[in-house]
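Chemist: In case you want the letters, here they are:
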Amino acid sequence: MAKSNKPIVWGPFAAGGTVTAFVTPVLILLTLSAALGHVPDGLTYEGMHTLASHWFGKLAIFAVITLSLWSSAHRLRSTFFDFGLRRDNLIATVVYFMAIAGGMACLVFLLCI
Amino acid sequence: MAKQVSGKPYLREVSTTQWYLRNEIYLRYIARELTCVFIGIYTVILLVGIWRLSQGQVAYEAFLQALRSPMSIVFHLVALAFSVYHSVTWFNLTPKAMPIQIGEQFVPDNVIIGAHYLGWAVVSVAIIILAGVF
Amino acid sequence: MTERSIDLDVLRYNPETDSEPYWQRYSVPHHDEWVVLDALNHVKDNIDPTLNYRWSCHMAVCGSCGMMINGKPMLACKTFMRDFENLIRVEPLAHFPIERDLVTVMDDFVSKLARVKPYLIPKQHKPVEEGEYRQTPAELNRFKQYSMCINCMLCYSACPEYALIPKFIGPAAITLAHRYNLDSRDGGRDEREEVVASGEGVWECTFVGACSEACPKHVDPAGALQQAKIASTIDWFKEHLTSWLNK
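Residue numbers (numbering that gives the first Met the number 0), protein chains in the order written: chain S, 0 to 112; chain Z, 0 to 133; chain P, 0 to 246.
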């Protein structure tokens with residue numbers, strides 16, 4: 000029987016899961032701080048604009064958002080299956096499309112800064 | 000392939016929607032998988048932030064202001080808990096997926112896991128400092 | 000002094016007379032040094048000779064006596080009576096059809112084991128006259144843990160994906176394929192990938208990890224499967240990138 004093409008979705012999932020494991024908690028702490036009224040310097044308009052204006056900042060933002068979206072999408076796909084919703088082809092198409100759309104949107108936004 | 004002896008084996012059914020309620024291992028697995036929901040929603044929030052950033056100062060500052068709702072704070076706390084659970088489970092499983100053999104022995108699991116926790120702390124502190132919190 | 004006793008609830012099924020399984024309760028002596036297998040042997044020898052179950056070594060090396068004990072897949076010879084208080088529920092290993100009483104139909108597992116080619120496939124044929132294969136302790140340790148499997152099938156009973164997706168090749172079979180892939184004498188990885196990297200192979204695994212928690216020999220099939228996923232992924236990208244570059 001043929002070899003599966005799962006690696007093409009699993010590879011980025013593993014990368015995204017690793018990225019999100021390292022950075023998502025601290026990012027949540029930063030935006031939580033903003034939510035509680037103390038906006039860290041880096042999260043002000045000036046701070047974020049400076050970060051996103053630099054090519055490296057754009058790359059970092061794009062990598063974190065896109066890989067996190069992909070990783071969440073892939074896990075969501077298997078979670079649906081685990082909950083008994085087994086229209087896997089349909090669910091896979093929807094979740095990966097959303098992740099790709101999010102990544103494209105991120106690219107467009109960053110290029111506008 | 001060997002023939003069955005009786006010709007009337009009995010197949011016990013497994014619920015496709017409730018199998019994970021059967022024991023603690025399965026429940027912990029489902030909790031781990033559900034982290035993707037909260038991390039996913041949070042990442043979309045970040046994406047919205049980048050969108051607002053690209054629209055200029057007024058739009059971005061409105062976004063920061065919108066973060067200050069009670070619902071947002073509650074979501075942040077819940078997302079933080081799930082995100083940390085993802086990190087912990089991910090790091091704890093790393094030595095299983097990527098064993099490192101040096102000579103005849105393997106690097107102990109605790110060393111690999113400890114290195115990841117250390118890296119996690121370093122990255123987190125670095126980001127906090129870069130964000131100008133201190 | 001009255002002997003302590005404890006009840007065993009055993010799932011019975013006689014394909015010749017029953018349309019579905021039913022519980023039968025036996026009262027057995029509660030000895031601290033007994034294992035569940037001793038209790039079953041006591042039942043068969045003294046109370047009900049019609050009870051059917053597999054067992055052999057009574058020391059957790061043959062893999063015959065796997066069964067569900069209070070809902071957990073365990074070896075009956077390695078489960079001590081002293082760890083239980085009131086009632087012990089004994090059922091056949093989950094996710095396998097019941098043949099009779101505690102005896103399951105193993106055919107699916109056995110056929111999957113064969114499909115992964117669990118034997119050395121040397122890179123080049125080496126006639127006996129050329130001498131033995133040499134292997135350093137380091138090369139042996141690389142796969143040794145995964146060679147400890149006793150084919151007891153507890154991992155299949157623990158795995159929810161095997162329960163939900165019967166065509167899944169499963170933990171033990173893929174771990175055994177991985178054991179040979181890691182063996183320095185072997186060159187059969189590509190052949191095994193046809194099965195292991197297929198849609199029925201390692202990609203049905205979602206790393207629940209219940210298999211490794213159930214394994215009585217600490218083989219860690221979950222770890223082996225994740226390593227197989229990583230190896231297959233690297234292979235896939237190498238294969239597709241090089242074919243793209245060669246165009």
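Each hint should be verified, as a subset may be incorrect.
The following label-pair restraints were derived from C-beta to C-beta distances [what the hints assert, rightly or not]:
| hint | chain 1 | residue 1 | chain 2 | residue 2 | range |
| --- | --- | --- | --- | --- | --- |
| 1 | P | N69 | S | G36 | 49 to 57 Å |
| 2 | Z | I112 | P | S110 | 36 to 44 Å |
| 3 | S | E45 | Z | Q100 | 37 to 45 Å |
| 4 | Z | I29 | P | D6 | 29 to 37 Å |
| 5 | P | P28 | Z | V73 | 51 to 59 Å |
Derived, one-sided and incomplete: chain Z residues facing chain P with beta-carbon distance under 7 Å [stated by the list, open to error]:
| hint | residue |
| --- | --- |
| 6 | K7 |
| 7 | Y9 |
| 8 | V13 |
| 9 | W18 |
| 10 | E23 |
| 11 | I24 |
| 12 | Y28 |
| 13 | A30 |
| 14 | R67 |
| 15 | A96 |
| 16 | I99 |
| 17 | G102 |
It should be emphasised that the hints constitute simulated quantities derived from the structure, not laboratory data. Glycine included, each C-beta is placed from N, C-alpha and C at the ideal position.
Chemist: The structure should be examined with respect to each hint, and the outcome stated for every one.
Modeler: To see whether the hints hold, each was checked on the structure:
Taking the beta carbon of each, P:N69 and S:G36 are about 52 Å apart, inside 49 to 57 Å as hinted. Hint check: Z:I112 to P:S110, Cβ distance near 38 Å, so the stated range 36 to 44 Å holds. Evaluation of the 37 to 45 Å hint for S:E45 and Z:Q100 yields a failure: the beta carbon distance comes to about 50 Å. Between Z:I29 and P:D6, the C-beta spacing of about 33 Å keeps the proposed range 29 to 37 Å intact.
Separated by about 57 Å at the C-beta atoms, P:P28 and Z:V73 satisfy the suggested range of 51 to 59 Å. At about 4 Å, the closest approach between the beta carbon of Z:K7 and any beta carbon in chain P falls short of 7 Å, and the interface hint on this residue holds. Annotation: Z:Y9 was flagged as interfacial toward chain P, and the flag holds, the nearest CB pair being 4 Å apart, inside 7 Å. Because the beta carbon of Z:V13 sits about 4 Å from the nearest beta carbon in chain P, less than 7 Å, this interface hint is met.
Using the Cβ-Cβ criterion of 7 Å, the hint placing Z:W18 at the interface with chain P is satisfied: the shortest such distance is roughly 5 Å. A cut of 7 Å between beta carbons decides the hint on Z:E23: the least distance to chain P is about 10 Å, and the hint is violated. Taking 7 Å as the C-beta cut-off, the interface hint given for Z:I24 holds, the closest approach to chain P being about 5 Å. For Z:Y28, the interface hint holds, since its Cβ comes within 7 Å of a Cβ in chain P; the closest pair sits about 5 Å apart.
Among the interface hints, the one on Z:A30 is violated; its C-beta lies about 12 Å from the nearest C-beta in chain P, farther than the 7 Å criterion. Contact between Z:R67 and chain P, as hinted, is not supported at the beta carbon level, the nearest pair being about 38 Å apart and thus beyond 7 Å. Taking 7 Å as the C-beta contact cut-off toward chain P, the hint placing Z:A96 at the interface holds, the least distance being around 4 Å. Because the beta carbon of Z:I99 sits about 11 Å from the nearest beta carbon in chain P, more than 7 Å, this interface hint is broken.
Among the interface hints, the one on Z:G102 holds; its C-beta lies about 6 Å from the nearest C-beta in chain P, closer than the 7 Å criterion.
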